[in-house]
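Enquirer: Next come the chains, spelled out residue by residue.
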Amino acid sequence: MEIREEGEVTLVLIDPRLDSVTSKEAEAKLMESAGGSSRRILCDFSNTDYISSAGLRVMLSTVKKLQKNGGKMVLSSMKPFVYSVFEMAGFTQIFEICETKAQALAHLNRASR
Amino acid sequence: MENINPEIIKALTVHANKIVAGSYEDVDKILSLTDKTENSPELAELAETFGMMSVKIEAREYALEQTIEELKKKNAHIVALNTIRVQLSSLFVSIVLLVSSYTFALGVLASEFILKQHFFKIFTRYPIVEIISVLIIVRIMLVSRLSLKDFGVTFAGWKRSVAESLIVSTAFIGLLALFKHWVCVHHPGVFKENQIFSLSYFNLSYVTYILIAPLQEFVARGVVQGSLERLLDTKYRGFISILVTCFLFGALHMAHSLNLAVASFISSWVWGWMYYRQKNLTGVSLSHFLVGNAADFMGYWTFF
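These protein sequences, in sequence, are chains A and B.
With the first letter of the first sequence counted as 1, position 56 gets the number 56 in this note's numbering; the numbers rise by one all the way through.
If you want this note's numbering, it's the 1-based position in the second sequence plus 1000.
So here's chain A without its partners, still in its complex pose:
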């Protein structure tokens, strides 16, 4: 999982698989970002082919922490399978999901104004 700062936004490139094996590390990194100063996170799923319930729970825990801190998270660039898992779990009602990274960035920047 790659994490870098782009302006006031923390950009997170999610691993190809987000399951019970990778979710611990992902959770630790995302939680750290959610508690950071920027508190605006963009999760890029363009590399992700598979997400399990463990991965979904990481995303849910992160958004809960961000919401408490007054932050915001936007997801982007999901492949159809990953999107279908999000949809099935009812996560599309909780998360803001953009088709591209650029759209997600614009969305986060608008929210910061």
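Accuracy of the hints is not assured; some may be wrong.
Stated by the list, open to error - Calculated lysine to aspartate or glutamate pairs in the EDC-like style (CA-CA distance at most 20 Å, straight line):
1) Lys-64(A) - Asp-1026(B)
2) Lys-1036(B) - Asp-19(A)
3) Lys-68(A) - Glu-1069(B)
4) Lys-1029(B) - Glu-27(A)
5) Lys-1056(B) - Glu-96(A)
6) Lys-24(A) - Glu-1069(B)
7) Lys-1072(B) - Glu-1061(B)
8) Lys-1073(B) - Glu-1061(B)
9) Lys-24(A) - Glu-1065(B)
10) Lys-72(A) - Glu-1069(B)
11) Lys-64(A) - Glu-1070(B)
12) Lys-64(A) - Glu-1065(B)
13) Lys-24(A) - Glu-1025(B)
14) Lys-65(A) - Asp-1035(B)
15) Lys-1056(B) - Glu-27(A)
16) Lys-64(A) - Glu-1061(B)
17) Lys-64(A) - Glu-1069(B)
18) Lys-72(A) - Glu-1025(B)
19) Lys-64(A) - Glu-1025(B)
20) Lys-72(A) - Glu-1065(B)
21) Lys-65(A) - Glu-1069(B)
22) Lys-65(A) - Glu-1070(B)
23) Lys-1029(B) - Asp-19(A)
24) Lys-65(A) - Glu-1025(B)
25) Lys-65(A) - Glu-1065(B)
26) Lys-1056(B) - Glu-87(A)
27) Lys-64(A) - Asp-1028(B)
28) Lys-64(A) - Glu-96(A)
29) Lys-1056(B) - Asp-19(A)
30) Lys-68(A) - Glu-1065(B)
31) Lys-68(A) - Glu-1070(B)
32) Lys-24(A) - Glu-6(A)
33) Lys-24(A) - Asp-1035(B)
34) Lys-68(A) - Glu-1061(B)
35) Lys-1036(B) - Glu-87(A)
36) Lys-24(A) - Asp-1026(B)
37) Lys-1036(B) - Asp-49(A)
38) Lys-68(A) - Glu-1058(B)
The hints are simulated quantities; they were obtained by calculation from the structure and are not laboratory data.
Assemble chain B onto chain A, guided by the hints.
Expert: Chain B alone, transformed into the frame defined by chain A:
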């Protein structure tokens, strides 16, 4: 399913029951069973299904919590708006009552025929208009359920208010003195005397003014202007609240004379602006007292 350890099935059932009971502490334990490298594919699949169900329920609960939170905020906003609506309607009714009753009183005072009737003599013998005004002001305060502090009765920031008040009052008095000087030079005889200040005007009202000035400021600035500014929902609420108060303050002096009403209207702009800045009655009361008495010492009150 034959390869699945019954103990694991039992543990999965216990975790699942906890989730059903509303506790998500064991979700991680279920999710750890989804690792196919440590568990059989069948068990991992079953655990994933349980995990997905629990995450879905947790997400749904979170979404509901968010919705409830949003509804609570909207409800609080509606309650606040309704409070403003009640206060604004009360203020509207109070001001209409005040202006209407005052207009009637002026009509009575202007009518010789009516004043001959014994009953209406109460308008000239007693401060009926003032009593009506006070009752209406008390009504506004009671309906608003606000504290006296909200009507400017506070010493918070009094030092700055007094300093500003002294500067503004000095400038105001200076302008009045200059105007008198100009009148005395170009229109001699308008004022009885040519000196700027004359102690010959002194009487008890100079002393009682120390009570009258704050009381008038409390009614005009604290209650009327402050309430309007708080309740109006417009970008120009400061200006509108000062404007309305100036007209009301000026009009309420009409019983004495048109000159006093105009002078009150003009001075009300200064005190209205001061109160808009300071939000306490200290500065405006002091300025009202100083300017009012200075105007009296300069002989302006002979025209009112």
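Enquirer: Decide, hint by hint, whether the structure agrees.
Expert: Tested hints:
At most 20 Å may separate the alpha-carbon atoms for a hinted pair to count; Lys-64(A) and Asp-1026(B) meet this at roughly 18 Å. The straight-line distance between the Cα atoms of Lys-1036(B) and Asp-19(A) is roughly 10 Å, inside the 20 Å bound, and the hint therefore holds. The straight-line distance between the Cα atoms of Lys-68(A) and Glu-1069(B) is roughly 12 Å, inside the 20 Å bound, and the hint therefore holds. The suggested pairing of Lys-1029(B) with Glu-27(A) holds, with an alpha-carbon distance near 15 Å, which does not exceed 20 Å.
Our distance criterion of 20 Å between C-alpha atoms is met by Lys-1056(B) and Glu-96(A), whose separation comes to about 17 Å. Straight-line distance between C-alpha atoms of Lys-24(A) and Glu-1069(B) comes to about 30 Å, which puts the hinted pair past the 20 Å bound. For the suggested pair Lys-1072(B) and Glu-1061(B), the alpha carbons sit about 16 Å apart, so the restraint of at most 20 Å is met. At most 20 Å may separate the alpha-carbon atoms for a hinted pair to count; Lys-1073(B) and Glu-1061(B) meet this at roughly 18 Å.
Between the alpha carbons of Lys-24(A) and Glu-1065(B) the distance comes to roughly 26 Å, so the proposed pair goes past 20 Å and is violated. With a CA separation close to 17 Å, the supplied pair Lys-72(A) and Glu-1069(B) stays within the 20 Å bound. Restraint check for Lys-64(A) and Glu-1070(B): the C-alpha separation of about 15 Å stays at or below 20 Å, so the hint holds. A C-alpha spacing of about 11 Å is found between Lys-64(A) and Glu-1065(B), which places the hinted pair at or below 20 Å, so the restraint holds.
Using a Cα cut-off of 20 Å, the hinted pair Lys-24(A) and Glu-1025(B) holds, with the two alpha carbons roughly 16 Å apart. With a C-alpha separation of about 26 Å, the suggested pair Lys-65(A) and Asp-1035(B) falls outside the 20 Å cut-off, and the hint is violated. A threshold of 20 Å between alpha carbons decides the hint, and for Lys-1056(B) with Glu-27(A) the separation of about 18 Å falls inside it, so the pair holds. Of the supplied pair hints, the one linking Lys-64(A) and Glu-1061(B) holds, its CA atoms being roughly 12 Å apart against a limit of 20 Å.
At roughly 13 Å between alpha-carbon atoms, Lys-64(A) and Glu-1069(B) fall within 20 Å of each other, so this suggested pair holds. Note on Lys-72(A) and Glu-1025(B): the hinted pairing is violated, with a Cα-Cα distance of about 25 Å set against a maximum of 20 Å. In summary, the hint linking Lys-64(A) to Glu-1025(B) is supported, as the alpha carbons are separated by about 15 Å, within the 20 Å threshold. Between Lys-72(A) and Glu-1065(B) the alpha-carbon distance is near 17 Å, which keeps this suggested pair within the 20 Å criterion.
Of the supplied pair hints, the one linking Lys-65(A) and Glu-1069(B) holds, its CA atoms being roughly 16 Å apart against a limit of 20 Å. Distance hint between Lys-65(A) and Glu-1070(B) is fulfilled; the C-alpha atoms sit about 17 Å from each other, no more than 20 Å. Between Lys-1029(B) and Asp-19(A) the CA atoms are separated by roughly 14 Å; this keeps the pair inside 20 Å, and the hint holds. Pair hint Lys-65(A) plus Glu-1025(B) holds up; C-alpha atoms about 16 Å apart against a cutoff of 20 Å.
Distance check on the hinted pair: Lys-65(A) and Glu-1065(B) sit about 14 Å apart at the alpha-carbon level, within 20 Å; holds. For the proposed pair Lys-1056(B) and Glu-87(A), the alpha carbon gap of about 10 Å is at most 20 Å, so the pair holds. Of the pairs offered as hints, the one joining Lys-64(A) and Asp-1028(B) holds, with about 16 Å between alpha carbons and a cut-off of 20 Å not exceeded. Taking the CA atoms of Lys-64(A) and Glu-96(A), the gap is near 14 Å; set against the 20 Å cutoff, the hint holds.
A C-alpha spacing of about 16 Å is found between Lys-1056(B) and Asp-19(A), which places the hinted pair at or below 20 Å, so the restraint holds. Using a Cα cut-off of 20 Å, the hinted pair Lys-68(A) and Glu-1065(B) holds, with the two alpha carbons roughly 13 Å apart. Between the alpha carbons of Lys-68(A) and Glu-1070(B) the distance comes to roughly 14 Å, so the proposed pair stays at or under 20 Å and holds. Taken as a hint, the Lys-24(A) and Glu-6(A) pair is broken in the structure, with Cα atoms around 24 Å apart against an allowance of 20 Å.
Straight-line distance between C-alpha atoms of Lys-24(A) and Asp-1035(B) comes to about 12 Å, which keeps the hinted pair within the 20 Å bound. About 16 Å separates the Cα atoms of Lys-68(A) and Glu-1061(B), which keeps this hinted pair within 20 Å; it holds. Straight-line distance between C-alpha atoms of Lys-1036(B) and Glu-87(A) comes to about 24 Å, which puts the hinted pair past the 20 Å bound. Between Lys-24(A) and Asp-1026(B), the direct Cα distance comes to roughly 15 Å. Compliance with the 20 Å bound is thereby established for this hinted pair.
The hinted pair formed by Lys-1036(B) and Asp-49(A) meets the criterion: a straight-line CA distance of about 17 Å does not exceed 20 Å. The hinted pair formed by Lys-68(A) and Glu-1058(B) meets the criterion: a straight-line CA distance of about 16 Å does not exceed 20 Å.
When held up to the earlier numbered hints, the structure conflicts with 6, 9, 14, 18, 32 and 35 and fits the remainder.
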